[in-house]
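J.: These protein sequence lines map, in sequence, to chains A and B. Okay, so the first sequence: first residue is 119 according to this note's numbering, each after it adds one. Okay, so the second sequence: first residue is 720 according to this note's numbering, each after it adds one.
Here are some of the chain B residues that sit facing chain A, going by a computed Cβ distance under 7 angstroms:
1. 764
2. 765
3. 767
4. 778
5. 780
6. 820
7. 822
8. 823
9. 824
10. 826
11. 828
Ranges of calculated distance between the beta carbons of each label pair, as one might list FRET restraints:
12. B/762 - A/129: 10 to 20 angstroms
13. A/119 - B/760: 13 to 23 angstroms
14. B/744 - A/145: 31 to 41 angstroms
15. B/782 - A/127: 17 to 27 angstroms
16. A/132 - B/793: 47 to 57 angstroms
Calculated from the structure, these hints are not laboratory results. Please read these numbers as outputs of a predicted model, since none were measured by experiment. Quick reminder that beta carbons are idealized off the backbone N, C-alpha and C, glycines included.
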Amino acid sequence: DTQMSQSPTSLSASVGDRVTITCRATQDITHYLAWYQQRPGRVPKLLIYGASTLQSGVPSRFSGSGSGTYFTLTISSLQPEDVATYYCQKYNSVPGSFGQGTRLEIK
Amino acid sequence: QVQLQESGPGLVKPSETLSLTCLVSDFSITSGFHWGWIRQPPGKGLEWIGSIYHSGITYYNPSLKRRVTISVDTSKNQISLNLSSVTAADTAVYYCARQRYSSGCIDYWGQGPLVTVSS
Chain A
119 DTQMSQSPTS
129 LSASVGDRVT
139 ITCRATQDIT
149 HYLAWYQQRP
159 GRVPKLLIYG
169 ASTLQSGVPS
179 RFSGSGSGTY
189 FTLTISSLQP
199 EDVATYYCQK
209 YNSVPGSFGQ
219 GTRLEIK
Chain B
720 QVQLQESGPG
730 LVKPSETLSL
740 TCLVSDFSIT
750 SGFHWGWIRQ
760 PPGKGLEWIG
770 SIYHSGITYY
780 NPSLKRRVTI
790 SVDTSKNQIS
800 LNLSSVTAAD
810 TAVYYCARQR
820 YSSGCIDYWG
830 QGPLVTVSS
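Kindly produce the complete structure, drawing on both the sequences and the hints.
T.: Dropping the structure here:
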């Protein structure tokens, strides 16, 4: 099975900072990569699909890039409401494995 | 707005079968998409369990395949999850979800009940 790994595991940044989270796959998944945001105590929310397509209603400060085995999620200007754990998920084939998550906090 | 509502026991004894049902509202299961289950142990990450298409075709995580059955009832617009021979490691929040693909890309999630495995 293809494994997904994220880095860093956690990070702390200031409001207004540019933040980047990385997701790597052990095999080529082309563009079949989604990013989710899970705020504390809440249900996960789809942010990005197809590696770089913004889900409807998601603020434009979120963006995704990459293909193959290397992907990034970028928040261009961090806001207080972005405090959450972020997960990547591959969906090119079964199983739809998730990364272990990246916890984002505000300094 | 698609709504998914899980229901089932919140407490299951070890070695027994965990059973959950997900009622889908404001969207017909037969209109397309895949319908899946994802779980999250307390304080931990997400694990994809499996999914089903309205035709009944199923897709399972190999790590759980021996113990998992997902079924669909189109007349009731709902899907179900059975996980057999549970242990404490199966304690988790279990989410029902609408998936754009058989293995993921989840655009709607249920609220996810916590199911505890304990005697």
